[in-house]
Structure formats: structure tokens, C-alpha cells
Amino acid sequence: MKTSSRFAPGALERPRDSLAVLLAVWRWGMVLVFAGLAAGFWWLQVVEYDKYRQHAEDNHQRTLVLSAPRGAVLDRDGRVLAENRDSLNITLSREQAEDLEGTVALLADLSGVPLSELRAIVERHRRDPPFRPVVLIRDAAFDQVAAVAAHKRELPGIYVQQLPVRFYPAGDVAAHILGYVGEVSEAEMATPEFEGVRRGAIVGKSGIERSYNRLLMGRDGARRVVVDNVGREIRVLDERLPREGRQIQLTLDYDLQEAAEDAFADAGFNGSAVFLDPRSGEILALVSRPAYDPNVFARGIDGETWGRLNRDRLRPLNHRALQGRYSPGSTFKVAMAVAALEEGVVTPDFRVACPGGRRVHGRFFRCHSTHGSVDMREALEKSCNSYFYALGEKMEIDQIHKWATALGLGELSGVDLPHEVRGLMPSTAWKRERRGERWYPGETISVAIGQGAVSVTPISLAVMMATVANGGTRVTPHLLAAVNEGQGFERVRRPVPRSRVAISPTTLEVVTEGLWFVVNRAGTGRRGRIYGRDVMGKTGTAQVVSLQGRAAAAGSSDQDFRDHGWFVFAVPAGAPEIAGAVFGEHNEHGYLSAPIARHVLETYFAKKDGLPRPTVPVPPFGRRAWAAAPAEAADQ
Amino acid sequence: MLEQRLYRHIDWLLLGSLFLLAAIGVAMIYSTTYDPTTGGASPLVSIQLWALALGFLALVITLSIDYRWFADLSPVFFMGLVGLVAYALLFGTTGGGARRWIDLGAFNLQPSEFARMVVALGLATLFTRYWQGRTPFGWLMAVTVVAIPFVLIAQQPDLGTAVTLLPVALVIFVFAGLPLRYVGLLIVVGTLSAPAVWAYGLEDYQRERILSFLDPEKDPRGAGYQQLQAKITAGSGGATGKGFLRGTQSQYNFLPVAHNDFVFSVLAEEQGFLGVVVALGLYLFVILRGMDAARLAKDRLGMYLVVGIMAGFTFQVIYNIAMSAGLAPVKGLTLPLMSYGGSSVIATLAAFGFVLNVRMRRFTN
Chain A
1 MKTSSRFAPG ALERPRDSLA VLLAVWRWGM VLVFAGLAAG FWWLQVVEYD KYRQHAEDNH
61 QRTLVLSAPR GAVLDRDGRV LAENRDSLNI TLSREQAEDL EGTVALLADL SGVPLSELRA
121 IVERHRRDPP FRPVVLIRDA AFDQVAAVAA HKRELPGIYV QQLPVRFYPA GDVAAHILGY
181 VGEVSEAEMA TPEFEGVRRG AIVGKSGIER SYNRLLMGRD GARRVVVDNV GREIRVLDER
241 LPREGRQIQL TLDYDLQEAA EDAFADAGFN GSAVFLDPRS GEILALVSRP AYDPNVFARG
301 IDGETWGRLN RDRLRPLNHR ALQGRYSPGS TFKVAMAVAA LEEGVVTPDF RVACPGGRRV
361 HGRFFRCHST HGSVDMREAL EKSCNSYFYA LGEKMEIDQI HKWATALGLG ELSGVDLPHE
421 VRGLMPSTAW KRERRGERWY PGETISVAIG QGAVSVTPIS LAVMMATVAN GGTRVTPHLL
481 AAVNEGQGFE RVRRPVPRSR VAISPTTLEV VTEGLWFVVN RAGTGRRGRI YGRDVMGKTG
541 TAQVVSLQGR AAAAGSSDQD FRDHGWFVFA VPAGAPEIAG AVFGEHNEHG YLSAPIARHV
601 LETYFAKKDG LPRPTVPVPP FGRRAWAAAP AEAADQ
Chain B
1 MLEQRLYRHI DWLLLGSLFL LAAIGVAMIY STTYDPTTGG ASPLVSIQLW ALALGFLALV
61 ITLSIDYRWF ADLSPVFFMG LVGLVAYALL FGTTGGGARR WIDLGAFNLQ PSEFARMVVA
121 LGLATLFTRY WQGRTPFGWL MAVTVVAIPF VLIAQQPDLG TAVTLLPVAL VIFVFAGLPL
181 RYVGLLIVVG TLSAPAVWAY GLEDYQRERI LSFLDPEKDP RGAGYQQLQA KITAGSGGAT
241 GKGFLRGTQS QYNFLPVAHN DFVFSVLAEE QGFLGVVVAL GLYLFVILRG MDAARLAKDR
301 LGMYLVVGIM AGFTFQVIYN IAMSAGLAPV KGLTLPLMSY GGSSVIATLA AFGFVLNVRM
361 RRFTN
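In the order they appear, the protein sequences are chains A and B.
Just so you know, we're using my numbering here: the first sequence kicks off at 1 and counts up by one.
Just so you know, we're using my numbering here: the second sequence kicks off at 1 and counts up by one.
Do not rely on the hints blindly, as some may be mistaken.
Label-pair ranges, simulated between beta-carbon atoms [as the list claims (entries may be wrong)]:
#1 B:Leu-192 <-> A:Ser-116: 53 to 61 Å
#2 B:Ile-210 <-> A:Ser-185: 38 to 46 Å
#3 B:Leu-202 <-> A:Ala-20: 37 to 45 Å
#4 A:Glu-239 <-> B:Gly-190: 54 to 62 Å
#5 A:Ser-185 <-> B:Ser-193: 56 to 64 Å
#6 A:Glu-239 <-> B:Trp-198: 51 to 59 Å
#7 A:Asp-228 <-> B:Val-278: 28 to 36 Å
#8 B:Thr-94 <-> A:Arg-119: 35 to 43 Å
#9 B:Trp-198 <-> A:Ser-116: 40 to 48 Å
#10 A:Glu-239 <-> B:Asp-204: 41 to 49 Å
#11 B:Trp-198 <-> A:Glu-304: 53 to 61 Å
The hints are simulated quantities; they were obtained by calculation from the structure and are not laboratory data.
Since this is a predicted model, take the numbers as computed values, not measurements.
Think of the CB as a built atom: it goes at the ideal place given N, C-alpha and C, for glycine as much as any other residue.
Just need the whole structure built from these sequences, with the hints factored in.
Here it is as C-alpha cells:
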């Protein structure tokens with residue numbers, strides 16, 4: 001036992017039983033530690049399982065959006081107004097670019113895009129996950145795509161990606177009606193209108209694209225894929241195909257729309273025009289000029305273009321037909337005539353002598369000419385202010401308000417387009433609420449000839465003409481005609497009229513006659529005349545500033561103080577099937593707006609009769625036109 | 001050499017548990033390194049199998065010869081270890097930022113993996129053969145036996161492996177008579193010096209690992225990534241697991257070095273809580289059984305040797321499993337028996353050869 005002799009207990013050697021205690025403590029300690037580890041895994045794998053399962057899923061599953069193409073928009077004849085086209089984006093996958101700097105430099109060389117611009121884009125996306133492609137050139141031109149394809153081997157990580165974008169084949173024609181599309185904003189996502197729309201989705205921002213966004217958008221599809229830790233797709237888990245947006249058909253007639261826009265272009269001024277069917281409220285043409293090309297939005301508008309469109313003094317983004325508020329001028333006399341006759345204030349044969357104006361409430365109000373003794377029809381024909389001053393003298397403002405409102409003035413038309421604004425038809429209640437003052441009878445005299453506080457939008461004036469034309473039904477102007485849910489177009493229910501009053505046949509007859517005279521006798525609307533079509537209408541001039549104001553501001557600014565000219569119409573007199581309003585911005589005279597209406601109406605009838613469409617009229621600014629002008633020029 | 005009488009005293013249950021754990025490890029390595037595109041096993045699996053074969057051979061050797069013979073030769077083993085570790089430090093190949101491997105052509109040898117076993121043998125011999133009187137000089141010699149390999153390994157730098165020497169030494173010291181109050185004092189001094197160690201003793205990456213352990217979500221793409229992914233891997237396994245070859249975290253590489261340091265997370269993901277309980281049970285059984293060998297040891301040499309080996313093994317198992325569940329800071333420590341790694345497998349099996357050896361010879365003279 002050599003070993004055991006060496007094994008003699010030393011001073012500090014632990015006794016055997018002490019070692020046994022240590023071992024026992026250690027063993028039980030181990031049991032506790034392992035129980036603790038098991039508890040830890042229990043917590044992780046059983047209690048918190050859902051949380052970590054979700055984490056793991058987020059790690060290896062990605063959902064890719066398959067964008068649904070927007071539905072097409074057609075005109076009433078089935079002509080395409082908005083559709084989709086394939087655009088090609090040149091993208092960079094940084095994960096696969098071996099030499100990022102060199103690749104970008106070569107791409108800049110090939111595409112002609114400045115290197116600094118491409119570098120800036122890459123820099124902006126530096127913090128994105130590396131597998132996410134960065135769009136370097138949006139909507140690339142064909143030669144750029146060809147150059148990239150030819151140098152594919154030298155450009156690792158550069159891809160050409162196909163993407164549907166909105167396309168408006170007619171460019172700026174009907175731009176304000178169609179509106180434009182863009183990426184949904186944070187603020188919009190918070191509104192009920194865009195509820196459920198995913199971040200980054202393309203939505204309608206204005207026009208039809210906006211108001212029927214839900215129909216047009218369709219439903220995006222999704223593809224769930226399994227990816228590894230660097231984002232490479234390993235396999236597809238499942239896929240939901242996108243559902244294309246619905247096609248919609250508008251009441252709009254592209255031929256009339258184009259005729260109207262051509263006529264404006266030819267006339268050389270901006271403005272707005274509304275043509276609608278007074279029987280149904282269907283909008284046939286709706287113009288606002290200047291316009292813009294909605295295609296620039298579809299591509300993803302750049303800041304510079306957006307700024308230019310917004311800063312433009314002529315405000316091309318403004319939809320004048322719905323958002324422009326102007327004084328109605330003499331076109332308001334139509335509402336005055338209806339109000340006076342329906343209220344029984346005067347009979348149609350009531351006559352007023354016009355010596356070039358009228359003294360009312362101790363003040364002399366001027367007429368633009370000396371008309372002698374005129375009745376209602378002649379007063380309308382000649383746009384005699386003295387006659388309407390006399391009506392204003394006999395009437396309460398609230399009586400006028402009642403009838404103007406029934407005809408749609410100072411009200412929203414209810415058109416199916418966003419951002420419509422309301423004009424203003426004053427009343428005693430309005431004056432009290434807004435100004436805290438009572439209404440002065442003298443103010444009624446100004447209102448009687450469409451001045452003072454009254455303001456209208458072009459579409460509300462068109463509604464007035466439609467309501468007069470159909471005998472008192474304030475139809476709702478609308479653009480949506482039919483929707484294709486997949487089984488062909490089905491007509492949608494026509495919106496209900498906003499209000500209905502019965503205008504007596506006598507009143508209608510008198511007003512119709514007076515307005516027929518305006519165009520077909522010695523009146524101010526002779527340029528709207530179409531042989532055999534019985535055009536009835538009324539011109540008007542909207543003063544931009546008073547004569548005094550104009551003198552004061554002369555030379556002090558570059559603002560345009562020239563008056564606006566109105567022409568409102570309904571055709572054919574007696575049983576109108578098309579009515580509306582033309583607004584000429586700073587064209588100075590109502591009679592200069594009439595030829596625009598005439599050209600569109602001629603196009604309408606030519607199309608109806610199956611005849612060739614008329615060409616754009618010769619500009620009416622010849623010597624003879626000016627020679628014949630005095631009577632017209634004197635119009636309000 | 002191996003008499004019939006001894007053969008009957010081999011702890012077959014312990015041996016069986018070791019091979020069961022190794023087999024689970026091979027299956028997990030197969031799963032994480034499996035290439036779904038070719039459907040083939042990775043060469044790492046056959047390397048691991050070869051290492052297990054070599055490890056078994058080593059175990060047979062450390063089992064067959066009386067441990068007292070190894071104790072006699074322990075100075076030779078110690079010098080050999082120091083030589084190899086120093087050689088790796090000076091001329092070795094680099095892996096994971098540390099110069100820890102010696103290139104042997106067919107495979108790389110990591111000598112530091114053998115340090116725990118050699119140090120345990122050395123200390124056990126020292127306390128039983130030479131300085132039983134526990135003189136100050138004896139303690140100094142004991143500390144030196146630990147300190148030389150510790151410093152060399154830490155210099156590679158592989159602090160993780162070096163630190164595993166400490167539990168080995170500490171446990172043998174205590175069993176050999178170090179009063180527990182000194183252990184208490186050591187803990188107090190350690191706690192007090194922690195701020196100084198934090199400021200001067202640690203590398204930036206080590207500080208970052210500890211910080212990210214305390215708040216892994218702070219920088220989920222950076223230092224906290226591994227820990228967070230380890231938690232997700234284990235947690236998403238649930239009660240019954242995602243199934244063999246179907247762990248998304250390990251299959252799609254979200255969990256780094258899954259076949260190595262995080263092999264237990266893979267087990268947790270694919271086999272779920274059930275698999276975890278089975279593996280934990282096996283490890284606990286191995287540890288308790290190993291300590292049983294210490295209890296039954298015929299002499300103090302055997303006991304000290306076994307407790308030293310079991311201390312190193314226990315520390316590494318607990319730390320690695322806690323790390324796989326995100327319960328400890330990430331550290332490059334393998335899970336003995338299951339993790340991929342030839343040197344680790346061979347060293348572990350050889351060490352258990354000693355444990356079996358001591359138990360087997362409890363009745364011999």
C-alpha cells in the first residue's frame with residue numbers, strides 16, 4: 001500500500017465525510033440548475049411561444065405586393081380616356097452589385113443620367129435592407145433600356161423592372177375631369193376615404209380617379225415567399241392574384257370635350273365650360289383651362305414640375321368649373337325673370353321705360369344703353385338693366401334668394417367630382433349672420449343685375465340653365481354612366497335631382513322667348529346662333545374690379561383686371577336636350593364666349609345627325625366683328 | 001490490461017448516455033448544414049462522425065490504463081499541453097479571431113480543448129502526490145499549473161476557453177481543502193474589481209456582448225443579433241418543435257454558427273420543449289452519474305480528477321444551454337458532445353474515459 005502511505009491526512013486535508021457533503025450539495029445544486037434551465041425553456045417555448053413564432057415568421061416570410069392594375073375609364077362611346085401602360089424602371093439590387101461605385105458610374109455613362117443624381121438616389125436608400133431593389137431610373141426611355149440590356153454582364157445587380165403606370169392617351173384633354181393619381185399620403189391614409197389602403201399604394205388624387213378610386217383601384221394581390229437571412233427568395237408559400245380595378249364608363253362625350261377645348265385654344269383665352277343634358281344631368285363636356293398633362297403625375301411627379309404647376313399664376317391645377325367663383329353678371333337676369341314671374345311681382349307684359357338708367361331709392365343706376373319701353377322678353381333680349389332695377393325695386397332679396405337657390409345658384413351641384421365649392425346667393429339671413437347687419441334695399445338693386453355679393457361657379461350656372469330648360473327639376477350633374485364588374489357594363493342608377501319646383505308654363509314660355517331673342521334677334525348672343533337649331537342663351541360680363549378700383553390699381557401690379565365673359569344656353573328652345581355655360585376668363589365680353597358654345601353645339605348636332613364634325617371656327621377678331629360690336633360691347 | 005473483472009464495472013449507462021447525446025448532436029448538425037438544393041449532407045457531418053470515432057478510441061485508451069499511471073505521467077502531459085498551446089499561439093491557424101488551431105493536414109487540432117482535462121489531472125496529482133501538507137508553496141504551484149495554460153490560451157485570444165479552466169481549478173481547490181471562506185473572499189474581491197476589469201480588462205467586443213445581453217433589442221442588427229435570434233429560434237420551436245430539417249431559423253441561416261455554438265437552439269427549434277427536456281435530462285444524468293464516480297472513487301486522486309473534469313463539463317453545458325435560450329451573453333463556447341468540433345468531441349470523450357476509469361477501478365488496489 002505504497003500509495004495509501006503517501007495518502008496520510010495533512011493539516012488541511014478535508015475529511016471524507018466533508019467531501020461527501022460537498023458532492024451532495026453539488027448534485028442537488030445541479031438538479032436545481034437544470035430545473036431552472038427547463039423552466040427557462042418552458043417560458044420561452046410554451047408561454048411566449050406565439051411571440052417568438054411571430055418573430056420567426058417575420059424573419060423568413062416576406063409578403064410581396066402584386067399591384068392590381070387600375071380600371072380603365074371610357075367615354076360614352078367607349079373611347080379610352082385613362083388606362084395603364086407598362087413602364088420600365090431600371091433598378092439596382094445592392095446585394096448583388098459587386099462593385100457598387102463602378103456599376104453606378106457605368107450606368108450613368110450608358111443612360112446619360114448625371115452620375116451625381118444616381119449617387120444621390122443610392123445614398124438616400126443606404127439604410128434600406130440590401131436585398132430591396134432601388135429604382136435608379138424611373139420610366140426609362142427605350143434606348144436606356146437597350147443600353148443596359150446590351151451591357152448586362154458588366155452591370156451585375158442592375159435590372160429592368162416592368163411596372164404598370166396610369167396612362168391618359170388624350171394628354172391634357174379632360175385633365176380636370178379625370179384627375180390624376182399618386183402615392184397615397186400619410187394624411188390621406190388616416191381618412192375614412194382611404195381606409196384599408198396600404199402604404200405606398202397608388203390612389204386617385206383628384207377628379208374621377210379620386211371620386212371613384214374605390215371602383216378603379218381593384219384589389220392588390222400578394223405573394224408570400226420564404227427568404228433566407230440575406231433576403232434571397234427560396235420558395236413561394238402562397239399567392240393571391242391581384243384583381244384588376246373595375247372599368248367605368250363616363251357620360252362624357254370625348255368629341256364634344258375635344259371640340260370645346262379646341263374652341264378655347266382657338267379663341268385664345270382660358271376659362272371653363274359645362275355642357276350637360278338638362279333632362280338627366282349627364283355631363284357631356286366639362287372644360288377647365290389652362291390644363292395640365294396628368295401623365296406627368298402617373299410617372300411620379302418630380303418636385304420641380306409640381307412646384308411649377310402650383311406656382312403658375314394661371315393656376316392650371318384649379319378646376320375652374322367647380323372651384324372658380326365669379327360674379328354672374330347679366331346671366332343672373334334669367335333667375336330674376338323666373339323669380340319675378342313666379343312670385344307674381346309682375347306679369348310678362350309689365351313694361352318699364354329705359355331712358356339709359358333708373359332712379360331707385362334716390363340714386364341713379366345706369367343702363368348701358370337707352371332701350372325705350374321694354375317688356376320682360378325684350379328686357380332679356382337687350383339685357384336692359386333699367387327693367388331689372390325695377391324688378392329689384394319691387395322684390396325682397398329673400399324672394400330672389402328662394403328662386404335662385406331653386407335653380408341651383410349658391411348651392412353645390414352635387415357633381416361626382418371632388419373639391420366642388422359653393423357660390424354665394426345672398427339673403428337677409430346671410431347678411432345678418434355674416435355681417436351682423438340688416439339687408440339694405442339698395443343692395444337688392446345690384447343683385448338684380450347679377451352684381452353685388454352674388455357669386456357663382458360655372459357648373460352652378462349650367463345647372464340653372466338645365467333647370468330652366470326642364471321646367472324646374474334641379475338635376476344633379478354627373479359623370480359616371482356605367483360600371484363593368486366583370487360581366488360587361490351595367491348602367492348605374494342616375495343620381496336623384498337635388499330639388500324640384502314647378503315653374504309655370506307661362507313663365508317658361510316668356511323666359512324661353514326672351515332667351516331665344518337674345519341669340520336669334522338683335523340680342524347680345526348672336527354669335528351663338530345656329531341656323532335651324534333654336535339656340536336660346538344669355539350673355540353676361542363678370543367685372544373683375546370696379547371702374548374706380550381699376551383706375552386705382554392701374555400700373556401698380558401685373559394682375560389682369562379685364563372682365564370675364566359668360567354665355568349660358570339651352571338648345572333647342574322649347575325642348576332642350578343640351579344646356580350649359582361657357583366662361584371666358586378675362587375675355588372682356590360675354591359675346592366672345594358664345595362661339596365656343598356654338599362650335600360644341602354644332603359638333604353635337606353634326607354627330608347626332610351623322611354628319612362630319614365641323615372644324616374649329618375662324619377667330620372672330622376680324623374688322624367686321626369689331627364694326628358690328630358696339631351694341632354687344634355695351635353689355636354688362 | 002482490461003480484465004474481465006474490470007469490464008463488468010464499466011458504467012454502461014453513462015457511456016450510453018454520452019453516445020446518445022453525441023448522436024443527437026450529429027442529427028442536429030446534419031439538419032442545420034443540410035443543403036435543400038442538392039438534398040445532400042454536408043461534409044461536416046462525416047467529419048463529426050470521424051471525430052466521434054477518434055474520441056471513442058481516446059476514451060478506450062483513457063479507460064483501459066489505470067488512472068494512476070496517467071497521474072504518474074501528468075508532468076509529461078502538462079508539458080505537452082503547454083507546448084502545443086504555445087505552438088498554436090505562435091504558429092497556429094486563425095479561426096473566429098483567435099489563433100487557436102494547429103493544422104494537421106487532414107484536420108485542425110485545437111489543443112486548448114484538452115487543457116481542462118490535463119489541468120484536472122495535474123492538480124489532482126499535485127494535491128495527492130506532492131504537497132499534501134498544503135503549504136503556501138504547494139498552493140503557489142497549484143495556481144501556476146492553472147495560470148500557465150490560462151494565460152497562453154487567453155493570449156490567442158480565446159478568453160472563453162481559458163475561462164473554462166477556472167471552475168476546474170476552483171472545484172479541485174475546494175475539494176482539496178481550500179477553506180470555503182476563501183472562496184467567499186474571492187467572490188467579494190471579484191465583485192469589487194469588476195468595474196476595473198470592465199474598464200481595463202475587457203476588449204470592446206466583449207463589453208458590447210455584455211451590453212447587448214442586457215438589452216438585446218437595442219441593436220437587433222448588431223451585437224444583440226445572435227442573442228435575439230437564439231431566443232427566436234428556441235421560442236418558435238414551441239412545445240413539440242417544427243420537425244427535423246424544418247427549423248426555419250436554422251435552415252435559412254438566421255441563426256449564425258447554428259451547428260456549433262448554437263446547436264442546442266436548433267434542437268429546441270426542431271424538437272421543441274419535449275426535445276429540450278430529453279436532452280436536459282440526459283445531460284443531468286451524465287453529470288450526476290459522473291459525480292457518483294467521484295463519490296465512489298477509491299482514492300483522493302481519482303476523486304479530484306473526476307470532480308475537476310465534471311466541473312469543466314458542467315460549467316460548459318450550463319453556460320452553453322443558457323446562452324442558447326438567450327439567458328447568458330453570447331460567448332464562443334461549444335456544447336460538449338453535441339456541438340460540431342473535432343477537438344471538443346475527442347477531448348470530452350477522453351475526459352469521460354477518466355471518469356469511467358475511476359469508477360471502474362474503485363475496488364482495485
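Taking the hints in turn, this is what the structure says about them:
For Leu-192 of chain B and Ser-116 of chain A, the Cβ-Cβ distance of about 58 Å falls inside the hinted range of 53 to 61 Å, so the restraint holds. A C-beta distance of roughly 44 Å is found between Ile-210 of chain B and Ser-185 of chain A, which places it inside the suggested range of 38 to 46 Å. At roughly 39 Å, the beta-carbon separation of Leu-202 of chain B and Ala-20 of chain A lies within the given 37 to 45 Å, and the hint holds. About 59 Å separates the C-beta atoms of Glu-239 of chain A and Gly-190 of chain B, a value consistent with the hinted range of 54 to 62 Å.
Between Ser-185 of chain A and Ser-193 of chain B the beta carbon distance is about 58 Å. The supplied range of 56 to 64 Å therefore holds. For the pair Glu-239 of chain A and Trp-198 of chain B, the beta carbons lie near 53 Å from each other, so the given range of 51 to 59 Å is met. Distance hint check: the CB atoms of Asp-228 of chain A and Val-278 of chain B are about 29 Å apart, consistent with the given range 28 to 36 Å. A hinted range of 35 to 43 Å for the beta carbons of Thr-94 of chain B and Arg-119 of chain A is consistent with their spacing of about 37 Å.
Roughly 47 Å separates the CB atoms of Trp-198 of chain B and Ser-116 of chain A, a value that falls within the hinted 40 to 48 Å. Here the CB-CB span from Glu-239 of chain A to Asp-204 of chain B is close to 47 Å, well matched to the stated 41 to 49 Å. Between Trp-198 of chain B and Glu-304 of chain A the beta carbon distance is about 55 Å. The supplied range of 53 to 61 Å therefore holds.
Violated hints for the displayed structure: none, as all numbered hints are satisfied.
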